[in-house]
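Undergrad: Residue numbers (numbering that gives the first Met the number 0), protein chains in the order written: chain A, 0 to 354; chain B, 0 to 432.
No lab work stands behind these hints: they were computed from the structure.
Yeah, the Cβ is synthetic: ideal placement off N, Cα and C, and Gly gets one too.
Just to be clear, a hint being listed does not mean it is correct.
[Said to hold, decoys possible] Each pair of labels, with its calculated beta carbon distance range: (1) B/Y414 with A/G41: 31 to 37 Å; (2) B/K28 with A/R342: 20 to 26 Å; (3) A/A16 with B/S158: 56 to 62 Å; (4) B/Y414 with A/G305: 49 to 55 Å; (5) A/G195 with B/K28: 42 to 48 Å; (6) B/Y414 with A/R342: 38 to 44 Å; (7) B/E275 with A/G234: 51 to 57 Å.
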Amino acid sequence: MSAIRPLHLAVALDGPARYDADHYVGLARLAERGALDFVTLGDSFARPGLDALAVLSRIAPATERIGLVPTVTTTHTEPFHVSTAVATLDWVSRGRAGWTVDVSTTETEARLFGRRPAAPATDLWREAGDVADVARRLWDSWEDGAEIRDTATGRFIDRDKLHHVDFEGSAFSVRGPSIVPRPPQGHPVTVVDGTGTASREEAARHADVVLVRAGAPDKAAVIREDVRRRASAHGRDPEAIRVLVSLAVDLGEVEASPEPGLESRPELAAGGSYFSGGPVELADLITQWHQDGAVDGFHLVPLAPGRDLERIVNGTVALLQHRSLFRTFYPGGTLREHLGLARPANQYALAGGTS
Amino acid sequence: MTAVRKQMHLAAHFPGVNNTTVWADPRSKSQIDFSSFEHLARTAERGLFDFFFLAEGLRLREHNGRIHDLDVVGRPESLTVLSALAAVTERLGLAATVNATFNEPYELARRLASLDHLSGGRAAWNVVTSSDGFTGENFRRGGFLDRADRYTRAAEFVSVARALWDSWSPAGAARPFAHDGRHFAIEGEFTVPRSPQGHPVVIQAGDSDEGREFAASAADVIFTRHGTLEAGRAFYADVKGRLARYGRSPDGLKVMPGVTFVIGDSDAEAQERAAEIRRLQVSPQNAILALELIWGRDLSSYDPEGPLPDIDPDPDSALVQGRVKIADPFATAAKWRALSQAKGLSIRQTVIETTGRQSFIGSAQSVAAQMEEFVAEGAADGFILVPHLTPGGLDDFVEEVVPLLQERGAFRTEYSGATLRSHLGLAEPVWKG
Chain A
0 MSAIRPLHLA VALDGPARYD ADHYVGLARL AERGALDFVT LGDSFARPGL DALAVLSRIA
60 PATERIGLVP TVTTTHTEPF HVSTAVATLD WVSRGRAGWT VDVSTTETEA RLFGRRPAAP
120 ATDLWREAGD VADVARRLWD SWEDGAEIRD TATGRFIDRD KLHHVDFEGS AFSVRGPSIV
180 PRPPQGHPVT VVDGTGTASR EEAARHADVV LVRAGAPDKA AVIREDVRRR ASAHGRDPEA
240 IRVLVSLAVD LGEVEASPEP GLESRPELAA GGSYFSGGPV ELADLITQWH QDGAVDGFHL
300 VPLAPGRDLE RIVNGTVALL QHRSLFRTFY PGGTLREHLG LARPANQYAL AGGTS
Chain B
0 MTAVRKQMHL AAHFPGVNNT TVWADPRSKS QIDFSSFEHL ARTAERGLFD FFFLAEGLRL
60 REHNGRIHDL DVVGRPESLT VLSALAAVTE RLGLAATVNA TFNEPYELAR RLASLDHLSG
120 GRAAWNVVTS SDGFTGENFR RGGFLDRADR YTRAAEFVSV ARALWDSWSP AGAARPFAHD
180 GRHFAIEGEF TVPRSPQGHP VVIQAGDSDE GREFAASAAD VIFTRHGTLE AGRAFYADVK
240 GRLARYGRSP DGLKVMPGVT FVIGDSDAEA QERAAEIRRL QVSPQNAILA LELIWGRDLS
300 SYDPEGPLPD IDPDPDSALV QGRVKIADPF ATAAKWRALS QAKGLSIRQT VIETTGRQSF
360 IGSAQSVAAQ MEEFVAEGAA DGFILVPHLT PGGLDDFVEE VVPLLQERGA FRTEYSGATL
420 RSHLGLAEPV WKG
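Isolated chain A, as found in the complex:
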């Protein structure tokens, strides 16, 4: 615990809605130049903008290494479609996919579908946990090596390596197996914002990366410990979870702000932290929080990515690299490798079960 853990950095591409692919390709390539772990793109059915998973799929062949993590909501969608789309993002990016699980709590969103009324966040997060669970089962429903192409017997697959998942949740059931073979990472990386109480339990059960919005290192550390404790209670290894502080950053007012630094701007950062200042001060803040051992890294949410991302990469990240706190290149190819997370074993192969 005392040794400094590797620093992980991610950046959000969100900003005013844009509808051209080139905008997002440019930002992702910039982030990749900084060797960041991953980029995120938020999504909601009620917010202007394109489907986030489609945008990051469009970016995948235009980038080489950076992780691609769209928000995918679980309330009005089909878990089977969600699991195949995320698995496919992993295929088209050759192992760089993740997804930020989120729920749709509003009546506005419910009316866009007309299928079910709005529901309390706690119920929807329990269901989101079921979706994360069934997604993993579907990703595992093809064992590695299920494709055998045995010309002697004419069998393309070994059916003993395919499994019905037979998932029965309170809100849905899925028979399986998936139509998509197991993705390159085994499981694409699951990201959950664990700040709120409604989502924290599901974050502890299902997330590989937990985002935390906290205004001070000690608050972030408390949430991190809570997530790790809950994860242990579910039989998970807490060392296999990365906790990143989501930090809203505004690097645009560096000239205008005589006293840059951290301040509380809840209306901007939704109860989290908001940083306004220059790239060097941001590097100092990251260095300090990280050395305190409060978190495993940062998810930076620039107020204006088109403007701030260059300052983050060429200023903040360059300085952190100079201080040997952050990598200067990608030693691996997959998002799991960037995060130092193992490729998960297949739950069905482990069980040795049959379909």
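Starting from the structure of chain A, add chain B where the hints point.
TA: Okay, now just chain B, sitting in the frame of chain A:
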């Protein structure tokens, strides 16, 4: 022949999950890796094709209670693959098959509009429906719709999607929408502005009367399957004749049969290769399985090189699940028996004779001539080519046949526009604000 030749439209089908694929061929590569999709799409674009076409899979096939293992069965999800292909192509249309039974209009309209934006106006949606409770077991909706209801849902689905695409004015102003119909009651504001094509191109596959009527009312392209020039002409005349009652001109719906092809150095060599390909596609095991799909009975004790069974089909069978059901198994069985007796064919030979789709076989010269004849004779506006090899199955066609079609004036020599609608010669839909 007329002075100005009618130019055909061409599309490439990524073989994926079907029994056209000859995966045992050493040149056959991955059905899943992005490199395979990229190879075929780049080849199609090099050939100036109108679009690249992906089918859909929502449930692995099962046979006799077990997962079917003789065919290629895994595939990635279409819209996500096409979004990625938009990055490595510039003009090629990108068509996804997506089921209207197991999706919701708001989400799908948004995903399609997103693809249209991200590709600069190259998105298409092949609307399919399902009445299959077996597939439904993977979805919240569960269950299934009966045959009539799935088309009313699909028709309402498409009209709601169009209303959503029209809810932004071309000038970029969003307006709230509300729809209250039999299958959907939704309201709110669509989050995506009008996309480059106005509406992504709508494709409809299906030969039934309901399917043809649905295509005549709502589709831009109809994907068909006909074995002969005569059958193709009858179909073509029928669907084109249905357009007037919807106030549409015959040019507004393109008829594009799915066809296979085999090119050889000579016609004789191509015929020989085609026969070998059919033998690989219809292996002894696959022949029995194809028969079981109709008979609905376990026929594993029958000799594939022997005569057809004389027992009746079981119409309520669930022996084969996840494949398109044969509408009238008794009539089909009777037809197969008659053919088998008349020509003295074994089970396997009968399956080879009856399950092939329209196929252009010959030297590059004669394949080009056959294709042109189909279009000139009013049997098609173009073709969706189904290669039997992944991903290189289109290479020969693009290198050898496309230049001949161009020489004959039967196919474009360059893309004249940027959008799929423009390749297909379809007008941008009028905004119904």
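Undergrad: Does each hint fit the structure? Answer for all of them.
TA: For each hint, the structure was consulted:
1. Between B/Y414 and A/G41 the CB atoms are about 35 Å apart, so this pair conforms to the stated range of 31 to 37 Å.
2. Taken as a hint, the range 20 to 26 Å holds for the pair B/K28 and A/R342, whose Cβ atoms sit roughly 23 Å apart.
3. Under the hint 56 to 62 Å, the C-beta atoms of A/A16 and B/S158, about 26 Å apart, miss the expected range.
4. As the Cβ distance of B/Y414 to A/G305 is approximately 31 Å, the hint placing it in 49 to 55 Å is violated.
5. Checked against the hint of 42 to 48 Å, the pair A/G195 and B/K28 passes, with Cβ atoms roughly 46 Å apart.
6. In this structure the hint that B/Y414 and A/R342 lie 38 to 44 Å apart at CB holds, the actual value being about 42 Å.
7. Distance hint check: the CB atoms of B/E275 and A/G234 are about 55 Å apart, consistent with the given range 51 to 57 Å.
Hints 3, 4, counting from the list given before, are not met by this structure.
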